[in-house]
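2 protein chains.
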Amino acid sequence: MRVVVIGGVAAGPKAAAKVMRLRPDADVTVIEKGKFLSYAGCGLPYYISGAVREQAELMSTAIGVVRDAEYFRSCKGIAVLNRTEAMRIDRRRGRVEVKDLSNGGTRWLEYDKLVLATGARPVVPPIPGKELRNVFVVHHVEDAEAIRTAIAETGIRKVVIVGGGLIGVEMAEALSRRGVHVAIVEMLPQVLPMLDWEMARQVEKHLIEKGVSVLTESRVLALEPGQLNDTAVGRVRMERETLPADMVILAIGVRPNIQLAETADLEIGPTGAIQVNAHMRTSDPDIYAVGDCVESTNLVTGKPCFVPMGSTANKHGRVAAMNICGENDTFPGVIGSTVCKVFDYTVARTGVGEEEARAAGFDVATCLNSVPDKAHYYPPAKPLMLKLIADRKTRRLLGAQATGPSDASKRIDVAATAITAGLTVDQVAKLDLAYAPPFSPAMDNLIVAADILRNKMDQQLRSLTPMQVKRMLEAGEDVFLLDTRSPAEYEQAHIEQSTLIPLGVLRERADEVPRDKPVIAFCKSSLRAYEAARILHGRGHANVKVMDGGIVMWPYELAD
Amino acid sequence: MRVVVIGGVAAGPKAAAKVMRLRPDADVTVIEKGKFLSYAGCGLPYYISGAVREQAELMSTAIGVVRDAEYFRSCKGIAVLNRTEAMRIDRRRGRVEVKDLSNGGTRWLEYDKLVLATGARPVVPPIPGKELRNVFVVHHVEDAEAIRTAIAETGIRKVVIVGGGLIGVEMAEALSRRGVHVAIVEMLPQVLPMLDWEMARQVEKHLIEKGVSVLTESRVLALEPGQLNDTAVGRVRMERETLPADMVILAIGVRPNIQLAETADLEIGPTGAIQVNAHMRTSDPDIYAVGDCVESTNLVTGKPCFVPMGSTANKHGRVAAMNICGENDTFPGVIGSTVCKVFDYTVARTGVGEEEARAAGFDVATCLNSVPDKAHYYPPAKPLMLKLIADRKTRRLLGAQATGPSDASKRIDVAATAITAGLTVDQVAKLDLAYAPPFSPAMDNLIVAADILRNKMDQQLRSLTPMQVKRMLEAGEDVFLLDTRSPAEYEQAHIEQSTLIPLGVLRERADEVPRDKPVIAFCKSSLRAYEAARILHGRGHANVKVMDGGIVMWPYELAD
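Chains X and B, in that order, give the protein sequences. When the count follows the numbering used here, it moves up by one through the first sequence with no breaks and lands on 560 for the last residue. When the count follows the numbering used here, it moves up by one through the second sequence with no breaks and lands on 1560 for the last residue.
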């Protein structure tokens, strides 16, 4: 069996290696346009920051062997042709024309099965000046190398990152750690569009705390040369302002590489990526496609989506190999699980966001919650800001988002598992998660949040989001904003127009809470506010609501 | 509605508070025999170690308010009588006789609903000398205080911990951090019986590395006074040896406090704990029981179990309160999820262990795996040793155990969720877990392990456990033990009787592998060994197996 794999970075080598393990007698060839094989694209920001010291580490195995062509030959039995480009697929005759980029020579490789692992490429928008020196994307090892060199050799002091998505914020941290000033410019009203707005605001606050300038709703019009050197970038011009920049990173996103598939008349999906079935097979039964060039099914909405991820690529590779070798394996889809490190914060999400859930027709319930990620008396405990999204009708968990200087990654992976399994928030609330003070509170953050959602769905808790409260205040609605924290907490920071009545004295001072207007209670995390609402409810107050997430998750400015 | 709750530590106050939130007009009284309320029993080792500085932190809310009777009155609307013991239940008349321990006075409290949250108590075996000074259990705040005082004031240098379970190993770390020498004495052949033997061995090795003496299969016969002071402990006498000890910690386990329930003729379950239905109701419809005094259902085996946990207690409290207030809520059961910190190691497990699974009638498949817990090139990455247990028939995941200086907690909580949801290992292998280099490898440890199990179940991988290999070697069986690592790795440490042929040269040197005897291949983690097995299989070697977990998880001594 002759198998040709086009693409030598992630999904391609995985498919090739698994084919060889299943069929040690197979004849497997991997074609890679670039020089480097099996490199960790996701690791580039950490190489740029210096956390990863050597380029070679990005393309080595866990025991330090560089994955070059010789490694693939001797350890995996795979022939790898790097610096070789696949030019076209001749489906009728089962062959691929390849070009040796070192000498320009072309030849045909015959296949019984073909695997497309052509990956994605960074979007470079048609901004004037994008060809100036010191304007980079972060995609290949060579990009990272060039950025490192520029910083080390040319005295870069100010960097503008265009795009506040995953790569953008990871690069903001990486470059800040190299001692340069970083500004993120983002067209949307928020960084990290994978998050709901109020969650993204928390990350934005943290970026600013760490010295990063964040300009949202800002469109870049042009990159302009500096005054001293007209070949290198010097300024980023936007509609409302112009920023100085010795370096610009374009981190707009990626698009799938589908040219080969398109010209071979393979089916392209609605997202613009290659369409495959659950067996990772394209519209040609002898051609598979895997990794960042294919589209997936979102398991929550059932709709096609394009979410390129190194984790998904590896799963794709295995599934394709199994089916190529006559076994049966399927890839069901993804739920958009993502995590990234942004300075001291972990940012993670899974499933669908609030708007996405609504757009998909769910009857959405949400909650915000912030409690420590470990037993609160255990010193390393840090607040974890968590949002859950559920469907009122089925009570299924649909999405989860978490951030803070705390263990968000664990909660999001648990939520991802629960969402994939179709668990309801009632079932999530009963999960037997492992507890000890150094690892979680006795009631894990996810369980507390699930219980809050249950209280809401069961009408035990009536709540408003901080955005709803803000709109009411701005519209001048006559509401009583009740802060149930302690005087000391109030002194530190509070929300304007709020009235302090600590929970401990609320029973005595309940008469101070007006009965003729809506009451909105909050505290630090809104647990005490919930107690307060129940006390007031018990005394006949008809309209008491609790503000989701408390003052910790208030996404606006505070007074002090 | 009059609700009386007996027990003021974890499940009791939770039930009481939730009743008040659901029914702000209820009349709720909590009886607590001890002085302290709502204290973090699980936090005691961290108070003893000094990680938690003040006793008050153990009984404070997250914002630092001490949960005393006044707190319960003013913030929760609950009457709390501490230092008050419940003497007997008069079910016919719906009342409890209580005794004020400060003055000995008794009186009757009437209830409409009664909640038993009587907890558990440490097992104190009938060892001679157990009444000597400086012999402690670790259960109440007072125990922790006494241990701290003894260490600070009486120059304790050597401590023997009797019992190598959870509390035993947590105390080994806590006391080592106070600068004393610790020995653990355990009757069983391993510490941490919640783990399978080969996993426990890894923890034992780490304890020893950290200077703790570990004596397994050792039974304590007597505690004996020292030579200078005949009222304080000085030695621990066992069958084979005698250890010096200025302090002894008895950490044998706990038993449920069922006396009140028993004398009230409530049903006691087969585990010796109070029997409740899914509504947390005892055999008396007006009496609920929650927390460490009740038995649960193991969701994997369907059998009753006694697994007292602070996390479970909180869930119990909520469920009981909901049902008391006429809502409907159920507690389905537990799967034995546990985590603890042992020096630099996290130790966690969930579901059933290998033997437990076999005893429950499953057709057991297992795998051992050790790869880094983060992208291997990301510097904080550390090995995670993982064992999965599955059922060949249904392919369902049944159990998971993990340890190492790495993020075991996340993987076990994900596994707990997967097991609860009844996921197969095939489904686990396809989970869309959130990936970025600082949080996991591109293929998460759980996914790699699930794929190994799938390879085994699908006969692509034939394997032996390290214990099977050891037995074959000890029995003198004529096997070829093939180490496929590099010469440098072999130099550092290897298994006696093994032959080194690095994977990279195996294709050329395959003739050196005999065809007339069983071949057992291994490497560091057994991923290269798996490649080797496939290569040899491809060349017609009929009997090649891979050793689970590689040399990293070899639980015996190594040669160097």
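If you are wondering where the hints come from, they were derived from the structure by calculation, not from laboratory data. Remember, predicted model here, so these are calculated numbers, not experimental data. Just so you know, not all the hints are guaranteed correct.
No more than 25 Å apart at the CA atoms, straight line, and that leaves these computed lysine-lysine pairs for PhoX-like [unchecked claim]:
no., chain 1, residue 1, chain 2, residue 2
1, B, Lys-1382, X, Lys-374
2, X, Lys-382, B, Lys-1382
3, X, Lys-130, X, Lys-99
4, B, Lys-1033, B, Lys-1130
5, X, Lys-470, X, Lys-393
6, X, Lys-205, X, Lys-35
How the hints compare with the structure:
no., hint, in the structure
1, B:Lys-1382 to X:Lys-374, "holds, 21 Å"
2, X:Lys-382 to B:Lys-1382, "holds, 22 Å"
3, X:Lys-130 to X:Lys-99, "violated, 29 Å"
4, B:Lys-1033 to B:Lys-1130, "holds, 24 Å"
5, X:Lys-470 to X:Lys-393, "violated, 28 Å"
6, X:Lys-205 to X:Lys-35, "violated, 40 Å"
In summary, the structure is inconsistent with hints 3, 5, 6 from the numbered list given earlier, while agreeing with the others.
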